[in-house]
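Go ahead and model the full structure; you've got the sequences and the hints to work with.
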Amino acid sequence: MAKSALLKSTLAKKYWMALTGLFLCLFLVGHLLGNLQLIFADALQFNMYALFMTTNPAVKILSYLTYFSIIFHAVDGILLAVQNQKARPVKYVNNRPDRNTIWASRNMAVLGTLLLVFIVTHMVNFWAVMHFNKDMPLQTISITTPMGGKQDFYITTGSGSSRYLPVQQVDGENLIKEGNKFYYVMPVDENSTAAKGSDKETQKAFFAEGYKDLHKITVAFFKNPDYGLIATILYVLSMVVLGFHLYHGFGSAFQSMGVNNPNYNLLIKNFGKAFAIIIPLLFAVIPVYIHFFLKA
Amino acid sequence: MNLKLKIWRQKDARDKGRMVDYNINNVSPDMSFLEMLDVLNEELNNKGEEPVAFDHDCREGICGMCSLFINGEAHGPDRGVTTCQLHMRKFKDGDTIYIEPFRAKAFPVIKDLVVDRSAFDRIQQAGGYISINTSGNTQDANAIPIKKHNADMAFDAATCIGCGACVASCKNASAMLFVSAKVSQLALLPQGRVEATERVLNMVAKMDEEGFGACTNTGACEVECPKGISLENIARMNREYLFASMK
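Chains as they are written, first to last, in the working numbering: chain A, 1 to 296; chain B, 1 to 247.
Some hints here could point you the wrong way.
Simulated pairs of lysine-lysine, DSBU-like, Cα-Cα distance not exceeding 30 Å [as the list claims (entries may be wrong)]:
| hint | chain 1 | residue 1 | chain 2 | residue 2 |
| --- | --- | --- | --- | --- |
| 1 | A | K91 | B | K147 |
| 2 | B | K6 | B | K111 |
| 3 | B | K92 | A | K269 |
| 4 | B | K11 | B | K147 |
| 5 | B | K47 | B | K6 |
| 6 | A | K223 | A | K269 |
| 7 | A | K8 | B | K206 |
| 8 | A | K86 | B | K47 |
| 9 | B | K47 | B | K11 |
| 10 | A | K13 | B | K206 |
| 11 | B | K90 | B | K171 |
| 12 | B | K148 | A | K91 |
| 13 | A | K13 | B | K105 |
| 14 | A | K273 | A | K295 |
| 15 | B | K171 | A | K86 |
| 16 | A | K86 | B | K148 |
| 17 | A | K8 | B | K171 |
| 18 | A | K177 | A | K150 |
| 19 | B | K4 | B | K105 |
| 20 | B | K147 | A | K13 |
| 21 | B | K4 | A | K91 |
| 22 | A | K60 | A | K86 |
| 23 | B | K111 | A | K86 |
| 24 | B | K147 | A | K269 |
| 25 | B | K47 | B | K16 |
| 26 | B | K105 | B | K92 |
| 27 | A | K86 | B | K16 |
| 28 | B | K6 | B | K148 |
| 29 | B | K247 | A | K13 |
| 30 | B | K247 | A | K91 |
| 31 | A | K91 | B | K105 |
| 32 | A | K273 | A | K216 |
| 33 | B | K16 | B | K206 |
| 34 | B | K105 | A | K8 |
| 35 | A | K216 | A | K60 |
| 36 | A | K269 | A | K8 |
| 37 | B | K105 | A | K86 |
| 38 | B | K16 | B | K105 |
By construction, these hints were calculated from the structure, which means they are not laboratory data.
What follows is the structure, given as structure tokens:
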């Protein structure tokens, strides 16, 4: 009884909705703080952050938890929506739900579906590019040489003299770029044991790691002459959807978990409303800022 | 006042049913809604037509028998009242009034506006009681000290008359407010604590089995409840169930 009760019952489904939902609220805060660097930090700082977020093992665990929460929240939501539809097979001819409920609370499934579409789109726009695009540009810096010419350098995770790597040196004979990593290419010593049985004529030695220029990709996306404005508008609209979803969802999660105490209800309610307005608003500011105000 | 009525007519459980228009004239604003329907039925009877079947019993708002979904709301537009306590002065001359039965899979229509709410009885039978013999050997009421606050909350929960307005109003046809009121009134008192774990597990299992929907916390039930049963009860049931299912 007890075990199935925590998975199958209507109440249990709501516990999972609440827990995954609140975890995703925490994710939103972290994601927002990271993304605000697009406004308040320079490109290098943002790209260093992006590298940290894609490589740090603790972040990796959190990101898998986030994917799991999104999928679980969506699947559980669909199961609940189906159950709820079945519970009233014959609809009312005249129904006035506006007399007793707020709009957002009645449309959580629709709002959630729109958010899922947004999440997938958003991941295709940036996450997939960051992870799978072979031609992902790397962070460079332009330095004026004493002779008056300009020279471009890759910035790497290395320190000292290997921190800056002249762009011309790479892709030559001795230094190659694979993904975001730079390697020395060395001719193979014909007498070495490693070379025997191998048809490779050279071997590589890791030199340094560059920073994938996610900042550049992001700016280019929202400043794209063809779809930049449409993308900006769609992203802002998605944040409006998020706002409505949170406006009901945040407080609702506490109620589902059994937290309802007259001494704290107003606090939870007001905090939830503030959260639902502030977080999506700040998210929405980022594409608007990049499209209209950021100097390329 | 003269009114136009649009009433759900359905011969029996198998009939598809439809909305039928009726005109009713010279309605007194002091009539209760059910008295207005009585007048309509008298007219229908005199004309040799089948009167409209609807549920009612005490007609003073305590039995929970009357139902009706009036102009898109359970028990009509007024707050904190049952249909028998709704008066025609809440409507204006010339109004069109939609009258439909409570809609839920768990509340099948028997005839016209009458629905079968025995699903509530079966949920009650699954655990909405205490197994203490209270006949003949009743304890002194003050023998067990109970906090005033808890006693008040238990009493508030116990005012639920089981009318089903919560189910009718809920977009998911969820019975959470009813079940939580029944769980709460006993969970808040020491006599009820003894069987609290089994009670909440069994009543929720029965609720799911009867085909009620889940709770989206829209709060429609609380607004439409003629007895003002609070959403706090649903949170209490969520809590009780969480702890009970981990035991």
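The hints, checked one at a time:
This hinted pair does not check out: K91/A and K147/B have alpha carbons roughly 44 Å apart, beyond 30 Å. Between K6/B and K111/B the CA atoms are separated by roughly 16 Å; this keeps the pair inside 30 Å, and the hint holds. A hinted pair counts as satisfied when its Cα atoms are at most 30 Å apart, and K92/B with K269/A does not qualify at roughly 37 Å. As the CA atoms of K11/B and K147/B are separated by approximately 52 Å, the hinted pair breaks the 30 Å bound.
A distance of roughly 18 Å separates the Cα atoms of K47/B and K6/B; the hinted pair therefore holds under the 30 Å criterion. Distance check on the hinted pair: K223/A and K269/A sit about 38 Å apart at the alpha-carbon level, beyond 30 Å; violated. Restraint check: the Cα-Cα separation between K8/A and K206/B comes to about 13 Å, which is no more than 30 Å; the hinted pair holds. For the suggested pair K86/A and K47/B, the alpha carbons sit about 40 Å apart, so the restraint of at most 30 Å is broken.
A threshold of 30 Å between alpha carbons decides the hint, and for K47/B with K11/B the separation of about 18 Å falls inside it, so the pair holds. Distance hint between K13/A and K206/B is fulfilled; the C-alpha atoms sit about 16 Å from each other, no more than 30 Å. Straight-line distance between C-alpha atoms of K90/B and K171/B comes to about 25 Å, which keeps the hinted pair within the 30 Å bound. With a C-alpha separation of about 43 Å, the suggested pairing of K148/B with K91/A is violated against the 30 Å cut-off.
Restraint check for K13/A and K105/B: the C-alpha separation of about 20 Å stays at or below 30 Å, so the hint holds. Restraint check for K273/A and K295/A: not satisfied, since their Cα atoms lie roughly 34 Å apart, outside the 30 Å limit. About 11 Å separates the Cα atoms of K171/B and K86/A, which keeps this hinted pair within 30 Å; it holds. This hinted pair does not check out: K86/A and K148/B have alpha carbons roughly 42 Å apart, beyond 30 Å.
Simply put, K8/A and K171/B have alpha-carbon atoms about 21 Å apart, close enough for the 30 Å limit, and the pair holds. Of the supplied pair hints, the one linking K177/A and K150/A holds, its CA atoms being roughly 22 Å apart against a limit of 30 Å. Taking the CA atoms of K4/B and K105/B, the gap is near 29 Å; set against the 30 Å cutoff, the hint holds. Under the criterion of a C-alpha separation no larger than 30 Å, the hint pairing K147/B with K13/A is inconsistent with the structure, at around 33 Å.
Of the pairs offered as hints, the one joining K4/B and K91/A holds, with about 22 Å between alpha carbons and a cut-off of 30 Å not exceeded. At most 30 Å may separate the alpha-carbon atoms for a hinted pair to count; K60/A and K86/A exceed this at roughly 39 Å. At most 30 Å may separate the alpha-carbon atoms for a hinted pair to count; K111/B and K86/A meet this at roughly 21 Å. This hinted pair checks out: K147/B and K269/A have alpha carbons roughly 28 Å apart, not beyond 30 Å.
The straight-line distance between the Cα atoms of K47/B and K16/B is roughly 24 Å, inside the 30 Å bound, and the hint therefore holds. At most 30 Å may separate the alpha-carbon atoms for a hinted pair to count; K105/B and K92/B exceed this at roughly 33 Å. Between K86/A and K16/B the CA atoms are separated by roughly 18 Å; this keeps the pair inside 30 Å, and the hint holds. At most 30 Å may separate the alpha-carbon atoms for a hinted pair to count; K6/B and K148/B exceed this at roughly 47 Å.
A hinted pair counts as satisfied when its Cα atoms are at most 30 Å apart, and K247/B with K13/A qualifies at roughly 18 Å. A distance of roughly 39 Å separates the Cα atoms of K247/B and K91/A; the hinted pair therefore is violated under the 30 Å criterion. Of the pairs offered as hints, the one joining K91/A and K105/B holds, with about 10 Å between alpha carbons and a cut-off of 30 Å not exceeded. Restraint check: the Cα-Cα separation between K273/A and K216/A comes to about 34 Å, which exceeds 30 Å; the hinted pair is violated.
The straight-line distance between the Cα atoms of K16/B and K206/B is roughly 28 Å, inside the 30 Å bound, and the hint therefore holds. Taking the CA atoms of K105/B and K8/A, the gap is about 20 Å. The hint holds against a cut of 30 Å. Annotation: proposed proximity of K216/A to K60/A holds, straight-line Cα distance about 23 Å (limit 30 Å). For the suggested pair K269/A and K8/A, the alpha carbons sit about 29 Å apart, so the restraint of at most 30 Å is met.
Our distance criterion of 30 Å between C-alpha atoms is met by K105/B and K86/A, whose separation comes to about 7 Å. In summary, the hint linking K16/B to K105/B is supported, as the alpha carbons are separated by about 14 Å, within the 30 Å threshold.
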